[in-house]
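Undergrad: What follows is the residue order along each chain.
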Amino acid sequence: MDINTIKIEIDSISKNIIVEITGINSTQSLEELQLKYLGRKGKIAQLTGAIPTLPLPERGALGCQINALKNKVASLIEKKQKSITTKPPETAKFIYDIGLPAIVQELGQLHPITKIIDEICAIFNQMGFSVIEGPEIETEHNNFTGLNIPLEHPSREAFDTFYLKLASEPVNQLANEQANRQTGKLLLRSHTSPVQIRVMKSQEPPLAVIVPGRVYRPDAVDASHSFMFHQIEGFIVDENIRFSDLKGILEAFAKAIFGKDIKMRFRPHFFPFTEPSVEVDISCIICEPVSRLASEPVKGCKPANCPVCHGKRWLEILGSGMIHPNVFKNVGYDFKKYTGFAFGMGVERIAMLKYGINDIRLFFENDLRFLKQF
Amino acid sequence: MKFTYNWLKDFVDIKISPQMLADKLTMAGLEVTSLEEKEGDFVFEVEITSNRPDWLSVVGIAREVAAITGKKLASVPVCQLSSLSRQTGKPVNRLTLNIEDRKDCSLYTATIINDVKVGPSPDWLKKRLELIDCRSVNNIVDITNYVLFETGEPLHAFDLDKIVSLLASEPVNRLEIIVKRALKNEEIITIDGIKRILDENILIIASNINQQTGKPIALAGIMGGKDTEVTENTKNILLEAAIFSPILIRRARQKLALQSESAYRFERGIDSATVEKASSRAATLINELAGGNTVLIKSAGKTQVKRKTIILDVADVSRILGVNITMVKIKKILTGLDFKVCPVKNSKSLKKQLEVTVPSHRSDVNLSEDLIEEISRIFGYENIPVSLPKISLARNEICPKPNLYGTRGIISLVKNILVGLGLNEVITYSLIDKDLLRDFNINTETIEILNPLSKEQEILRPVILPSLTKTIAYNLNQKQESISIFEITKIFSKTQNQPKEELTLGIGLCGTRPLLLEQGLIKNEFSFLHLKGVLEVLFERLGIQEYDFNTESESSISVNICKEKIGLITNLSKEALEQAGIKNKKAWVSQISLEKIFKYVNLTKKFLSPPKYPGITRDISFILKTDIEINTVLKAMRESNFTLLRSIRIVDYYKGPQIPADYRSLTISCLYRSDERTLTEEEINPLHAEIRNILSGRFSAKIR
Numbered sequence: 001m002d003i004n005t006i007k008i009e010i011d012s013i014s015k016n017i018i019v020e021i022t023g024i025n026s027t028q029s030l031e032e033l034q035l036k037y038l039g040r041k042g043k044i045a046q047l048t049g050a051i052p053t054l055p056l057p058e059r060g061a062l063g064c065q066i067n068a069l070k071n072k073v074a075s076l077i078e079k080k081q082k083s084i085t086t087k088p089p090e091t092a093k094f095i096y097d098i099g100l101p102a103i104v105q106e107l108g109q110l111h112p113i114t115k116i117i118d119e120i121c122a123i124f125n126q127m128g129f130s131v132i133e134g135p136e137i138e139t140e141h142n143n144f145t146g147l148n149i150p151l152e153h154p155s156r157e158a159f160d161t162f163y164l165k166l167a168s169e170p171v172n173q174l175a176n177e178q179a180n181r182q183t184g185k186l187l188l189r190s191h192t193s194p195v196q197i198r199v200m201k202s203q204e205p206p207l208a209v210i211v212p213g214r215v216y217r218p219d220a221v222d223a224s225h226s227f228m229f230h231q232i233e234g235f236i237v238d239e240n241i242r243f244s245d246l247k248g249i250l251e252a253f254a255k256a257i258f259g260k261d262i263k264m265r266f267r268p269h270f271f272p273f274t275e276p277s278v279e280v281d282i283s284c285i286i287c288e289p290v291s292r293l294a295s296e297p298v299k300g301c302k303p304a305n306c307p308v309c310h311g312k313r314w315l316e317i318l319g320s321g322m323i324h325p326n327v328f329k330n331v332g333y334d335f336k337k338y339t340g341f342a343f344g345m346g347v348e349r350i351a352m353l354k355y356g357i358n359d360i361r362l363f364f365e366n367d368l369r370f371l372k373q374f
Numbered sequence: 001m002k003f004t005y006n007w008l009k010d011f012v013d014i015k016i017s018p019q020m021l022a023d024k025l026t027m028a029g030l031e032v033t034s035l036e037e038k039e040g041d042f043v044f045e046v047e048i049t050s051n052r053p054d055w056l057s058v059v060g061i062a063r064e065v066a067a068i069t070g071k072k073l074a075s076v077p078v079c080q081l082s083s084l085s086r087q088t089g090k091p092v093n094r095l096t097l098n099i100e101d102r103k104d105c106s107l108y109t110a111t112i113i114n115d116v117k118v119g120p121s122p123d124w125l126k127k128r129l130e131l132i133d134c135r136s137v138n139n140i141v142d143i144t145n146y147v148l149f150e151t152g153e154p155l156h157a158f159d160l161d162k163i164v165s166l167l168a169s170e171p172v173n174r175l176e177i178i179v180k181r182a183l184k185n186e187e188i189i190t191i192d193g194i195k196r197i198l199d200e201n202i203l204i205i206a207s208n209i210n211q212q213t214g215k216p217i218a219l220a221g222i223m224g225g226k227d228t229e230v231t232e233n234t235k236n237i238l239l240e241a242a243i244f245s246p247i248l249i250r251r252a253r254q255k256l257a258l259q260s261e262s263a264y265r266f267e268r269g270i271d272s273a274t275v276e277k278a279s280s281r282a283a284t285l286i287n288e289l290a291g292g293n294t295v296l297i298k299s300a301g302k303t304q305v306k307r308k309t310i311i312l313d314v315a316d317v318s319r320i321l322g323v324n325i326t327m328v329k330i331k332k333i334l335t336g337l338d339f340k341v342c343p344v345k346n347s348k349s350l351k352k353q354l355e356v357t358v359p360s361h362r363s364d365v366n367l368s369e370d371l372i373e374e375i376s377r378i379f380g381y382e383n384i385p386v387s388l389p390k391i392s393l394a395r396n397e398i399c400p401k402p403n404l405y406g407t408r409g410i411i412s413l414v415k416n417i418l419v420g421l422g423l424n425e426v427i428t429y430s431l432i433d434k435d436l437l438r439d440f441n442i443n444t445e446t447i448e449i450l451n452p453l454s455k456e457q458e459i460l461r462p463v464i465l466p467s468l469t470k471t472i473a474y475n476l477n478q479k480q481e482s483i484s485i486f487e488i489t490k491i492f493s494k495t496q497n498q499p500k501e502e503l504t505l506g507i508g509l510c511g512t513r514p515l516l517l518e519q520g521l522i523k524n525e526f527s528f529l530h531l532k533g534v535l536e537v538l539f540e541r542l543g544i545q546e547y548d549f550n551t552e553s554e555s556s557i558s559v560n561i562c563k564e565k566i567g568l569i570t571n572l573s574k575e576a577l578e579q580a581g582i583k584n585k586k587a588w589v590s591q592i593s594l595e596k597i598f599k600y601v602n603l604t605k606k607f608l609s610p611p612k613y614p615g616i617t618r619d620i621s622f623i624l625k626t627d628i629e630i631n632t633v634l635k636a637m638r639e640s641n642f643t644l645l646r647s648i649r650i651v652d653y654y655k656g657p658q659i660p661a662d663y664r665s666l667t668i669s670c671l672y673r674s675d676e677r678t679l680t681e682e683e684i685n686p687l688h689a690e691i692r693n694i695l696s697g698r699f700s701a702k703i704r
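From first to last, the protein sequence lines are chains A and B. Every letter in the first sequence is one number past the one before it in our numbering, and letter 113, counting from 1, is 113. Every letter in the second sequence is one number past the one before it in our numbering, and letter 629, counting from 1, is 629.
Just so you know, not all the hints are guaranteed correct.
[Said to hold, decoys possible] Only pairs whose alpha carbons sit at most 27 Å apart, straight line, appear in this in silico DSS-like list of lysine-lysine:
| no. | chain 1 | residue 1 | chain 2 | residue 2 |
| --- | --- | --- | --- | --- |
| 1 | B | K583 | A | K312 |
| 2 | A | K372 | B | K308 |
| 3 | B | K340 | A | K336 |
| 4 | A | K312 | B | K2 |
| 5 | B | K15 | A | K372 |
| 6 | A | K329 | B | K583 |
| 7 | B | K532 | A | K336 |
| 8 | A | K337 | B | K15 |
| 9 | B | K434 | A | K201 |
| 10 | B | K583 | A | K372 |
| 11 | B | K352 | A | K336 |
| 12 | B | K352 | A | K312 |
| 13 | A | K255 | B | K390 |
| 14 | A | K337 | B | K532 |
| 15 | B | K434 | B | K583 |
| 16 | A | K336 | B | K565 |
| 17 | A | K329 | B | K306 |
| 18 | A | K115 | B | K340 |
[Said to hold, decoys possible] A short, non-exhaustive set of chain B residues, derived as facing chain A with CB atoms under 7 Å:
| no. | residue |
| --- | --- |
| 19 | T49 |
| 20 | L321 |
| 21 | I410 |
| 22 | R438 |
| 23 | T471 |
| 24 | E546 |
FYI, nobody ran anything at the bench for these hints, they're computed from the structure. Backbone N, C-alpha and C fix where the C-beta goes; we use that ideal spot for every residue, glycine too.
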C-alpha cells in the first residue's frame, strides 16, 4: 500500500463506519463489525501493518491518523454496544413460571421433644451448666434411698416404678431395705434425679449439671399420662448456694423459655430429696391477660373455662428445692460446708405448654403430620 | 382431702374470705386444688404432701391457719369423763388389753359405752360429712368418721355384744382384746362384705374369752369386720383408738388392695397426743347424740413420747435462704407453729443458737433444715430475694467435663445430618411386647419387666426394628406416601444376668420420594441404595473412612467399619410387614450401634491443597452380566494399584429394553492424575487399556 491508498482507505473507513453502524441492531452483527475493523486481521490492523513500508517522514503523521481512526471506531462500537444491550427486548416476553412446584431436597425434622431438650440445655449451658446423661436402668439405691426416699414410705407413692426381672430369686417387694441393697434390685429410673447421686459420688463441688433423659413410670396411658416420658434434672452444688440463687436461676430459665413477661410463683411443697422444697408455677400462658408469651393468649378464653389451667391461672412447671442434707451425707459431701439446689421438670409438659399440644400420646405416635410441624 | 370453711371456724377465728384463705394456704404449701360454695358453706379440697400427716384433719389445718394469720387455735370440746358411771350387773366390766408386740402397736385404747341408741345422725352432722363426700351411715359410725376428719385419729366402734357372742353363748363380764398378727390363711369378712385372706404380715384385732381366742374382728387400722359391725340393733359399743405401725398398715393395705381413710392416716403416722383426745371427743359426741353411759376406759402401751429438740444455728438461716430474717421474727414464726424456742446459753462457740422443741404432731421435723423450711414457708417464699449463684470459676472448673458430654455432641451432629438428608426424628417406647420379636426372628435374651401394666410393656427392647416398623405402619395408615424416619435411643440386652444399654441409631424408609421435574413426575421408590446413601453421608461427615457393606442374606446387609460389624440394613420380611399391617409395600430398616461407631469418629479436619496439575478423565461404557456384583468389579479395578489412577466412579447405569435381558449397562469414570506434572495421553493409554482388559477379560464385560 502506498501513501495515497492508505489515505483513501482512512477516509472511506471513517465514512462507512458511520453508515454501517447505524444499520446494526444485534450484538452478533456488531461483533462481526468489530472483527471487520478492529480484529487482528481487520481493516485498521492492515493499515497499521503497512506503516513500516512507508517513507520515514510520513510514518508519524499517518500513524496518528490511523490511531485516531481506531479510537473513533472503538468508541462508536462501544456506544452502539451500550445502546443495543440497554434496549428492551421487543420480542415475546420471557416468563419464569414460578407457580410450578420447587425442586428441593426436603429437610427432615427433629422431634419436638429433642427441640425442647436442646433449647433448655442451651439456656442452662449459657449459665455454665454441663450436660450429663445417666443410664436408664438404675439401682434402688440411686433411684430412691440415696435420694432420701425410704423404700416403705408413702412418699414413694409418687414414684411408681417398673422393676426388672433379673435376679433369679423371687423378688419380694416387701423385703427390707438392707436386703434390697444387697441383692441390688434393678429398675427403670422413675426420674432423672439418680444422676445427682452418680455425679456427686464421682466428683467434688463446685457442680452445675443438667441431665436430660427418658424416665419410666407404670401409669395408665391417657391424654396427660405416659408410662415413658422425658425429664430434665438440674443441680448446683458449691459453698454458699442459697435459696435466693434457686429463685434467680429458675426465673432466668422460665423467662428464657416462656418469655420475659411471664409471672412466676414459688410455693412450698414436699420432695424427699430437697429441704426446703419448692414448686414453681408460671402464670397461665393461655388465659392470663397480661401475658405476651410464647403462644398468643387465646381470645375469649376466661380463666374459669381455660382448658389449660382450669381457672387456677397458674401452671406448675417444675419442682425444686435446696438439696437435702441426707442426700449430701449419702454421697459423702460435707453438708455443713456445701449447699446446693436441684430442680426437675417434665419435658413433655413444657413442650405441651409451649406448642399448645393437648395430648401427650401425640409425642409417641410419631404421625409425620404432627412431627413435621415443629 | 376435703374440709369446709365453717368446720374450720370451729377451731380458729378466720377474718379473711374463703378465696383469700385458699391463696394463703397454697402459698404456705397446703395446695388448695378446688374451692366450691355449697349449701351455705365452702368446700376446700387440698393436696396434702406425704410429709404432713398432721394436716390430714380439720384441727391440723386450723393450726396452720392460726399460724399464718396469727390467731389462736381453739381446743376440741370434750366432756370430763373422770366420773365414769359405775354400773354393776352389766356385762363386761373387766377388760384386758393385750398388745402382742409393741412395735406393731404402740398404743391401744378402748372405751366401753353402754345403752346407746343407734339411729340416724342429726342434720348438721350428716351435712358436714356429706359436704366432704363421706356417706352417712348411723350416728355411731358417723361420729367415728367425724372425729377422724376433725382430729386425724382414726377410730373404730365395735358392737360389744357381738364380740362376746362370737365366743360365748352367755353374757360374760371379762373380755380380752388382743392386737396380734394374723395366722397364715386366716380369714375375715370386712365391713364392705368382702372375704379377705390374711397372713402373718397383717395386724388384726381379736378377742379372747375364757382362754379362748376368736377369729379376727378387725383388720387393725384398715377396716373393721362385718361380724362386729355397729348396726341399728347395737346397744353396747367398744370404741377403739390406737396407733399402729405405719409400715405394717402400708404392707397390709397393699397386699389386700384395700384403701381406707384410716389406713391412709396410719400409714403416714398418727400424733400419739391426739389418741386419747379423739377418743374422749367421740365419747362426748356419742353421749350427746346417742345417749349411753361411758363405763370403762382402758389403755395399753405408751402414751407419752419424748419431745425432739433441735439446735438451730441462726446463721444457717441466711446461709441457706439468702435472706436475713431477724431473731425476733424467727422465734415468732416457730412459736406460732407450736414449736418451743429458747436461746442456747453458754454455748462454746460464738454462734447464735436456738434450742427448738418440736411439737408431737410434727414427725416430719428432725433437722435444722426442716426448721429453716418452716421459717421460709411462713416468712413467704415470695419475700425471699432473687440472686444468682456466686460460683468461683477461678477456684475450680465447674463440673469437670464427663466423657458423655462428647458423645452428646456427636449425637446432636448425627441427628442434624440425618435431618438434612430428609429424615424425621421419632421417639418410640423402649418397652415392647415380647411377641414382636418372633416376627423379626430375634432370639436374644431379653430383660423382662416384673410389673408391666400391659403386654405392650413386657420387655425392654433388644432391637429397634419392631418399633420403627410399627411407626411406618402407623403412617402408612395415615396415607403418608413417603416415610423416612430415624430414632436414636438405647437398646437393652443382658449378659450373665447383667443388663447392658447400648446407644443405637435406627433408620426406616418406606414408600416413594416423588420428584417432579420438567420431564414429568418420577416416583423414586425407596431402596437399600437410599439407606446406603444415608449411611455413607453420615460416615463421611463423621470422618469415618474404612466402611463397607456386605450382603449377608437375601434380606440382610451388614454394615462394617474397619472390618467390625456395627449394624445392618434389613429388607423387612413379609411376615414382619404383615404383622405390622403393611401390605404390598417394601420397607427398609437399619440399625447401627452408635456406641461402636464412637471410637471411629474423627472430626479433626486438615487442609489439603487442590491438585496442582490437571487430571485426565476417561470413561468406559460397557454391559455386564447381572449376576456379577459390581463391588467385585470395582475391587478388581482398584487392585490394579496404578498410582496415577486416582478414582473410579460409576457415573451411569441402566437396565432396560435396549440392553440384553441378563445384562446391565454401566459407565465408569476413571480419573488419572499426577502430583508432579501434567500427564500426557501416551502415559495414560497403556494404563487405561489394562483397566479395559480387566473388565473384558475377567468379567466378560462388553465394552461399547
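Undergrad: Which hints from the list above does the structure break, by number from lowest to highest?
TA: Hint check: 1, 2, 5, 6, 7, 8, 9, 12, 14, 16, 18, 21, 22, 24 fail, others pass.
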